[in-house]
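So you can see what is in the structure, the chains are spelled out below.
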Amino acid sequence: MTPPSCSARSPSALSGRVDGRRGWIAKVRSESAPYSSSVAVLLLALLALGCEREQRRFQEGPLPNLAGAPLENPYEHNAWALSEGQRLFRWYNCSGCHANGGGGMGPALTDDKWVYGSEPAQIFATIIEGRPNGMPSFRDKITDQEVWQLVTFVRSLSGMVRQDVASSRQDHMQVKPSALSLDQPQPKAVPPPLP
Amino acid sequence: MKRAPQSSSPSSSPSNPRLALFVLFAGCSSGGPQSILDPAGPQAQQIEDLWWLFFTICTLVYVIVIAFLAVPIWRRHQGHSDSADRPLQITVGVATAATILILFVLAGASYSTGRALSELPTGDALIIRVTGRQWWWEITYPSATPSDTFTTANELHIPVGRAVVLELDSADVIHSFWAPNLTGKRDLIPGRPTSLAFRSDRPGTFRAQCAELCGVQHALMAMPVIADPPEAFEAWLSHQRSSAAQPQTDEQRRGQQIFLSRQCASCHRIQGTSAGATNGPDLTHIASRGTLAAGTLPNTREHLADWIRDPQQIKPGNKMPPVPLATEELDALLAYLLTLR
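Note that the protein sequences, when read in sequence, are chains A and B.
Take the first sequence: its letters are residues 555 to 749, numbered as in the numbering used here.
Take the second sequence: its letters are residues 106 to 446, numbered as in the numbering used here.
Note that these hints are calculated values from the structure, not bench results.
Some clues are possibly wrong.
Claimed, not checked - Label-pair distances were calculated between CB atoms; the ranges are: (1) A/Val-669 - B/Pro-429: 25 to 31 Å; (2) B/Thr-432 - A/Trp-668: 48 to 54 Å; (3) B/Ala-350 - A/Cys-651: 30 to 36 Å.
Said to hold, decoys possible - DSBU-like cross-link-like pairs, simulated, lysine-lysine; straight-line CA separation at most 35 Å: (4) A/Lys-695 - B/Lys-424; (5) A/Lys-667 - B/Lys-424; (6) B/Lys-424 - B/Lys-290; (7) A/Lys-667 - A/Lys-695.
Note that the Cβ used here is the ideal one computed from N, Cα and C, for glycine as well.
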């Protein structure tokens, strides 16, 4: 069944319409050929942006040693490494003192107070070397790769990694920087009293 | 994904068609350590009977359907005239009735098999706790005497002729225990303990495989299930309850020291030493087990060395990191681990 509007249209009108369209396309083609090709290239480039895929590196070459400065976190902004760090946080009983990041016997990791620095290299050193008053040294107890994964996770506890990288779900107490704390002025970090 | 060079699977590259055909029909040979067609106990026998019933009926139906298709083609070819006015209605009616009847028979057989599987008396059953982990099995043999309870991994031993109840749980994601020579599948669901009862009536070494996709190394999550005669099983049990062997030579002592002071002890337990972590498999009697890495490799010195040197090469994505050890340290560690019989 053809709708009445179509059957009413005369063949000549139809052909004229098609001709008109062809003319329009031809006109656009002839006038803006360089322009449209650059648009196509731009669109392709836009498509290629979607090709960035996060790497899961199961095998690592030797990571930079602690002696070689400056240290860079190979896993900054890597969601998989971060979730591995979350698992290791439980495996190596970090919660025993830091209680899922909320703090207990050891300092909280969700606030913006960092006794020994919040930079990845500083957290790495804290885990590897240990710190006075309780933080044990994990040198040779866990691999450097695992330490970096832990560093990435620990930084995510206080919202220092990208939102799309941070773990969206935790098996234990949900530890996320609350929206409230972003709105309200935070108390300035108090430097530790000198001994 | 890179395949392990040590992997012993013959079907990894079916490059020629004959080999592919062979692999296809390899599943048909009755027998083998992982086959429902070689039942070792009453549960598996029930399942095998059901399988043959399904196979027979489905084969018959297939042959009849193909015959109904073939006959008209053949008649046409012979020059018979097209007979559209034949009483097709009767044929279609009979076929429909037969289909409904067959479906009811199969449903009834399936239901009664399910009932029969749950009828195993478990009064004197041996209870074993099996916990699925990515990607290995943790196995605990509980005992009324707490000091007799012990944990092992990736090798299930059961006594012949005695019912066994597996209490199944998972530490991470859903796994599924499937030892086809012994019984059907049962899922291991985190936070929801399930159980599975079965019995083996003959000694043998069977193979259990994880049957629920559980992550990148799901395929390499298997283990031997060894049915021992009762005396042999009791001997195995009492040996597993003992603490690990003490190192005898200087090299073994050095190996133990490396194990306890390096990354190993952060995840593994060796009963009788200070290593008590439970993140990875218990290694108290590692050298007595037949396979490494959950049924991935035969347990030899070379494979153990390869595994410790780079586990990610053999089983990419598994939770054991490559541990940086000097050659001398690795040799000492291996010397110690091989004494843990």
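To see whether the hints hold, each was checked on the structure:
1. One distance hint, 25 to 31 Å for the beta-carbon pair A/Val-669 and B/Pro-429, holds here, with the actual separation near 30 Å.
2. Evaluation of the 48 to 54 Å hint for B/Thr-432 and A/Trp-668 yields a failure: the beta carbon distance comes to about 40 Å.
3. B/Ala-350 and A/Cys-651 have their C-beta atoms about 35 Å apart, which keeps the hinted 30 to 36 Å range intact.
4. The straight-line distance between the Cα atoms of A/Lys-695 and B/Lys-424 is roughly 15 Å, inside the 35 Å bound, and the hint therefore holds.
5. For the given pair, A/Lys-667 sits about 32 Å from B/Lys-424 by alpha-carbon distance, which is consistent with the 35 Å threshold.
6. Note on B/Lys-424 and B/Lys-290: the hinted pairing holds, with a Cα-Cα distance of about 25 Å set against a maximum of 35 Å.
7. Between the alpha carbons of A/Lys-667 and A/Lys-695 the distance comes to roughly 27 Å, so the proposed pair stays at or under 35 Å and holds.
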